[in-house]
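Protein chains: 4
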Amino acid sequence: MSGRVEFGLRVYYEDTDAGGIVYYANYLKFIERARSEALLGLGLSQVVLRERHGVLFVVREVAARYFASARLEDQLVVTTRLAPITGARIEMAQDVLRDRQVLVKCRVGLTCVGPSGRPVRVPEAVAAALSGLPPLKDDI
Amino acid sequence: MSGRVEFGLRVYYEDTDAGGIVYYANYLKFIERARSEALLGLGLSQVVLRERHGVLFVVREVAARYFASARLEDQLVVTTRLAPITGARIEMAQDVLRDRQVLVKCRVGLTCVGPSGRPVRVPEAVAAALSGLPPLKDDI
Amino acid sequence: MSGRVEFGLRVYYEDTDAGGIVYYANYLKFIERARSEALLGLGLSQVVLRERHGVLFVVREVAARYFASARLEDQLVVTTRLAPITGARIEMAQDVLRDRQVLVKCRVGLTCVGPSGRPVRVPEAVAAALSGLPPLKDDI
Amino acid sequence: MSGRVEFGLRVYYEDTDAGGIVYYANYLKFIERARSEALLGLGLSQVVLRERHGVLFVVREVAARYFASARLEDQLVVTTRLAPITGARIEMAQDVLRDRQVLVKCRVGLTCVGPSGRPVRVPEAVAAALSGLPPLKDDI
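Chains L, V, Y and A supply the protein sequences, listed in that same order.
Just so we're aligned: 94 in the numbering used here is position 91 of the first sequence, and the numbers increase by one with no gaps anywhere.
Just so we're aligned: 122 in the numbering used here is position 119 of the second sequence, and the numbers increase by one with no gaps anywhere.
Just so we're aligned: 71 in the numbering used here is position 68 of the third sequence, and the numbers increase by one with no gaps anywhere.
Just so we're aligned: 133 in the numbering used here is position 130 of the fourth sequence, and the numbers increase by one with no gaps anywhere.
Bear in mind the hints are in silico, worked out from the structure with no lab data behind them.
Certain hints may be false.
[Said to hold, decoys possible] Among the chain V residues that face chain Y by a calculated CB cut under 10 Å, a handful are:
{"id": "1", "residue": "TYR16"}
{"id": "2", "residue": "ALA21"}
{"id": "3", "residue": "ILE24"}
{"id": "4", "residue": "ALA28"}
{"id": "5", "residue": "VAL50"}
{"id": "6", "residue": "ARG63"}
{"id": "7", "residue": "GLU64"}
{"id": "8", "residue": "ARG74"}
{"id": "9", "residue": "GLN78"}
{"id": "10", "residue": "ARG110"}
Computed from a predicted model, the values in this text were never measured in an experiment.
Idealized CB from N, CA, C, for every residue including glycine.
Generate the whole structure from the sequences, applying the supplied hints.
Below is the structure:
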């Protein structure tokens, strides 16, 4: 697992649609699960961040490119890589794979907001923890 | 519309699953939309109830019987009827229909809770407004 | 794992609502995930059952009682027990727990349907496999 | 409403998350509802397209920029504009607004696929009907 945080999940009926494939919006759920577990794996609970530090990560933008479809009972993997943090901005690349095939490539821009809802610089300790994520050097 | 509050909705891809039909949990979303609109139609905003009066309706139990399946693009109707309110307890019968065929019959038990999360008697004004809902006398 | 099939899951943002707790319909997703994994653990793929045997399990009824609420990042467990199978009918009790506290108790009735959508007796081999589930003797 | 197809919707509990706002993936549901209704308004049923013509619109890419958050009971509007169709490719801009404020701006790329799952030129009659959508000339 050098250079990647990998999160595994299974596709259930709830994730699919009448086209027989995973509904396009549900990949955003998958990558959010992966982000949450990546943070927890680094000791960052979003509940603790919010309740104790008043800090919240809000999605500012997301882009997804769909190459192939996942289906019922598929076993998927989500990878998460982090671009350098600048101020209040966190940027990640997250891919959804089946076996080694990339199904969906996502790019997610988050903003760190404070209790007032205004952007605030990512706290030092949080940035330090996040640096445990594999770095994003490249493309989407 | 004597004796029924009727809420119409369309089935979209998000509601369906790989079986080609509406996913069973999503009917609970449909009836919750109908409850919310029924309340709003009676002048009861759940946001206002919570923010001003500290009062929240929490689902205590739900039972659903599925008779036939809804499909993509179906136009559905949800009906809502209310049993007599007793203390903190609100009980409703909600049916999901296509044309005049009942697809799903639901029974929902709600508890009115206060700011502490404890059950509190349904406020007088709320109970009075709710009495505008058609009465439930019967079956599920 | 004597007498229980246990399925673990984490609560993510997608599962919660503006009340700060898991949305009531989403517990039905949790228990469906647990059913799917229980079947897979017994060697029963629903994809294979449908594509090769034309057999599908359709939810006929579900009842849920909510005792306490799950929250963001909670680690939950779903247990699944099976009542004796009769003809086309499968009945399960599924509980959602946090630590050892029962949050939600569910009862699910499924019907085995054939390619025509009509109920068909649960195939011998499927019934045999299902008997690997812990038995439901009691209550909901 | 010259130059826009407008689709109205209300925010319910199912759409929100523990942050008190609409969950980021759910805006993709909103815009898909709007696309479906836009098509139906033009006489294009996706069920009919698939069953009679073997034609399906598959999402190839989506990009969303989030400017402000929708909340419980908000009344939203989704606008849909269409770029010139080229071969199998359909491109739309869809915005989600509350009052006249843009909350989310989306760009959606669809591919028209045939029974084999391969891209096929958008059928003449479908392209003609789609031309009833307001044109996208500009930005995202």
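Notebook entry, point to check: Given VAL50 of chain V was flagged as interface, is its beta-carbon under 10 Å from a beta-carbon of chain Y?
Noted result: At about 9 Å, which falls below the 10 Å cut-off, the nearest Cβ of chain Y leaves the hint on VAL50 of chain V intact, so it holds.
Margin query: Can you verify the interface hint for ILE24 of chain V: is its Cβ closer than 10 Å to any Cβ in chain Y?
Written below: Status holds, d = 8 Å.
Next item on the list: Identify whether the interface hint at ARG74 of chain V stands, where standing means a beta carbon of chain Y within less than 10 Å of its own.
Entry: For ARG74 of chain V, the interface hint is violated, since the closest Cβ of chain Y sits about 12 Å away, which is over 10 Å.
Next item on the list: Have a go at the GLU64 of chain V hint: is there a Cβ in chain Y nearer than 10 Å to its own Cβ?
Entry: For GLU64 of chain V, the interface hint holds, since the closest Cβ of chain Y sits about 5 Å away, which is under 10 Å.
Check: Given TYR16 of chain V was flagged as interface, is its beta-carbon under 10 Å from a beta-carbon of chain Y?
Finding: 17 Å, violated
Next item on the list: Using 10 Å as the Cβ threshold, decide whether ARG63 of chain V counts as touching chain Y.
Entry: For ARG63 of chain V, the interface hint holds, since the closest Cβ of chain Y sits about 6 Å away, which is under 10 Å.
Item checked: Evaluation of the interface hint that places ARG110 of chain V against chain Y, nearest CB under 10 Å -> 9 Å, holds
Next item on the list: May I ask you to test the interface hint for ALA21 of chain V with respect to chain Y, counting a Cβ-Cβ separation under 10 Å as satisfied?
Entry: 9 Å, holds
Check: When the nearest CB of chain Y is found for ALA28 of chain V, is that gap smaller than 10 Å?
Finding: 4 Å, holds
Check: Does the nearest C-beta of chain Y fall within a distance shorter than 10 Å of the C-beta of GLN78 of chain V?
Finding: With a minimum Cβ separation of about 21 Å from chain Y (threshold 10 Å), the hint on GLN78 of chain V is violated.
Of the hints listed earlier, those the structure fails to meet are numbers 1, 8 and 9, in rising order.
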